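Participant: So the chains spell out like this:
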Amino acid sequence: MNALSDTRRAALNAIGDVLIPAALGMPRFTDAGDVDAMVDHVLALRPELTGSLNQALDRVGAGEAAAAAAERLNREDPDGLATIGLVASSAYYMMPEVRQIMGYRGQEQRPATVDEEHDYMRDNLLQPVIDRGPIYRDPDSG
Amino acid sequence: MGEIAEVLIIGAGASGAVAAKHLAEAGVGVVCLEQGREVSSDEFYGDKPEWELMSQRLWHPNPNVRGLATDYPIDTSESDVNPLMFAGVGGSTLIYAAHWQRFMPSDFRVRSLDGVADDWPFTYQDLEPFYDHMDVEMGVSGLAGDPAYPPMTPPPLPPLPIGRIGRLAAKGMNELGWHWWPAPQAIPSRAYRGRSQCARRGTCMQGCPEQAKASTDLTHWPDAIAHGAQLITGARVREITVNAQGLASGAIWIDRDGVEHHQRAEKVIVCANGVGTPRLLLLSGGDRFAGGLANSSGLVGRNLMMHPYAATVGYFDEPLDSWLGPAGQAIHSMQFYETDKSRGFVRGAKWNAMPTGGPLGMRSAYGGAPLEEAWGENLHRATQKRFGHSFEWGIIAEDLPDPENRVVLDDSLTDTDGIPSPKIIYRNSDNTEKLIAFHLDRQREAMEAAGAKSISTTTLMRDCGWHLMGTCRMGNDPETSVLDQWGTSHDVPNLHVLDGSTFVTSSGFNPTATICAIALRSVMHMIETRADQRVAS
Ligand SMILES: Cc1cc2nc3c(=O)[nH]c(=O)nc-3n(C[C@H](O)[C@H](O)[C@H](O)COP(=O)(O)OP(=O)(O)OC[C@H]3O[C@@H](n4cnc5c(N)ncnc54)[C@H](O)[C@@H]3O)c2cc1C
Ligand code: SF4
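Line by line, the protein sequences give chains D and W. Here numbering that gives the first Met the number 0 is used: position 87 in the first sequence is 86, and no number is missing along the way. Here numbering that gives the first Met the number 0 is used: position 15 in the second sequence is 14, and no number is missing along the way.
These are computed hints drawn from the structure, not numbers from a lab. None of these values were measured; they are calculated from a predicted model. Among the hints, erroneous ones may be present.
Unchecked claim - Derived DEER-like restraints, expressed as beta-carbon distance ranges:
#, chain 1, residue 1, chain 2, residue 2, range
1, W, G450, D, Q108, 40 to 50 Å
2, W, N377, D, A64, 13 to 23 Å
3, W, D410, D, P127, 48 to 58 Å
4, W, A68, D, N123, 53 to 63 Å
5, W, L67, D, E70, 47 to 57 Å
6, D, E70, W, K47, 29 to 39 Å
7, D, T6, W, A68, 32 to 42 Å
8, W, H260, D, H117, 47 to 57 Å
9, D, T49, W, H260, 52 to 62 Å
Even for Gly, the Cβ is constructed at its ideal location relative to N, Cα and C.
Turn these sequences into a full structure, and let the hints guide you.
Facilitator: Right under this line is the structure:
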């Protein structure tokens, strides 16, 4: 599937790299793996974003530098820029490469073990609360 | 024309499911009409990489954002808070966080104790056996002995672990000498009655993909149906009908092909939630009940309470795995729950310590701010600061009943069947604003004591109307209340309301344990007094 024309995709990727640059140990947007396929996947799941994304990307002038285009869009069409940012960051944070760097395996299954229960009893973390006794107000005594 | 149901229930959410199960088990013939559909657990995205993406739209709690045909849109242009809900078998429990909180004894005596609002027509002790019963039906996990409550029957399951975030929050509270306790949740810490043990995916508010969380499609509907209750989905009720004697005689509903039906009934129970129920009563009654059915008091739709929500997020250096579930609450605190008039306001709030979710967060909300604030290197900085390294102290702020805060029918907006939508008129009171400001200050202290490296606060979240209460209040006086203490209309003796609309005050607690306990108490009374009741023939 190809959800975006080549021109729009080029604009998205260029602005995507401005919004999500390589820094602090994280890759830039287009270096995060097959982001084109992931963007298509995002748009397939959220088709209502396509219209406003296309509109925003069409405002980018041919040959306009991506950083300048992003600044201008943010001033003139903040909702459009937000849509570009949402599509790019949604795709980015779903990339397996990115998740691996972040140590995030998604909302994984991690059922609790019995050892994890009641740890606050074993190390007395809860004891001061118990020792202070009841704090509720009895309506019959005011 | 079809058969006459002994009891017609409108709405298959929390209260409707409790009513259907217990009536059906007592041999009462039940028909339930639900505008939504059955949702299967494999439709939820919690076990898929797209979870956060879909939580912003298809599984968003605000029906105006979801825009599904099964929802009705709501006019919120005159409200500080958006009401949140879900339409389907299980209703809003499909996406609730399952904090399972009882009210305190003082909550039922607000007028006597604090001179505001009204006392309830029953006490905590009256409701206690029904709270106990619901704990077992839902499979509540929790730790007995919370000193914020009178002694109570222990819940059926041991508490879920409080995790790293709970322990950190608790350390801060201990530092200050403040109350906290492992939070009670309608989420099983062990496999329970056909439901799985919670896998801690943390996606409870977008539906539980594990069939663990106690949503009433799992906890109540199978039993109700096994005992003969008839559940009709895709059935949108547009009016409750009334016979020549002024009794409720059934409801007109529209199926998904647009065909209208009249379901006749001897008795009608409305369980369409704190917004849907007043909407339906205001749509009903015709000339005989001008101003809406059951509305001689003029209070149908009034006194809407939604628990304005504020929160404090603390950011920590150490890894907290703060995307781990349950999404609802690890520990709670009632340190500042009861009234202390020296603070300049009455009533209080429960606090809940919660995880902060996945990496995406709310990126779409950043449009318009200077580019470098939200994007570029700062995007990575902000994500690294929050993701896996933060937790939230939330405030369930008690809002007092105010007749000006209300649900009315909208002049122009309709659902997909052309039925007028509700409009919400709701403003935060001065008391609420002072209450929130005080609690946020204390939460900052709690976060500092927990060792937070930095702290941010949200003074009022607009998408926070999870709890819909008060719009058909109970009471002993028909002039100042819509329903009696059993949820029966003062005006129409075979019309009942059992959802959050019945609440006299909102308390500072998540309401569903109380909604279900009240529904159960009322239904048990209905069963016991079956022989004496007036019904439509
Ligand atoms: C995101 C979220 C998180 C929450 N977290 C918590 C929590 O942690 N703890 C807690 O205690 N509570 C929580 N709640 C609140 C909880 O879900 C509600 O209190 C509870 O579900 C209300 O039960 P109810 O029976 O009043 O209504 P609902 O469960 O809302 O059910 C009402 C049903 O009526 C149907 N209906 C309405 N109008 C019509 C009509 N005209 N025709 C046919 N059917 C109709 C609806 O489709 C719906 O299915 C949360 C809610 C949300 C949205
Ligand atoms: S945390 Fe538990 S209850 Fe919540 S979605 Fe995951 S498995 Fe279900």
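Participant: Which hint numbers doesn't this structure obey?
Facilitator: Per hint list: 1, 5 and 9 violated.
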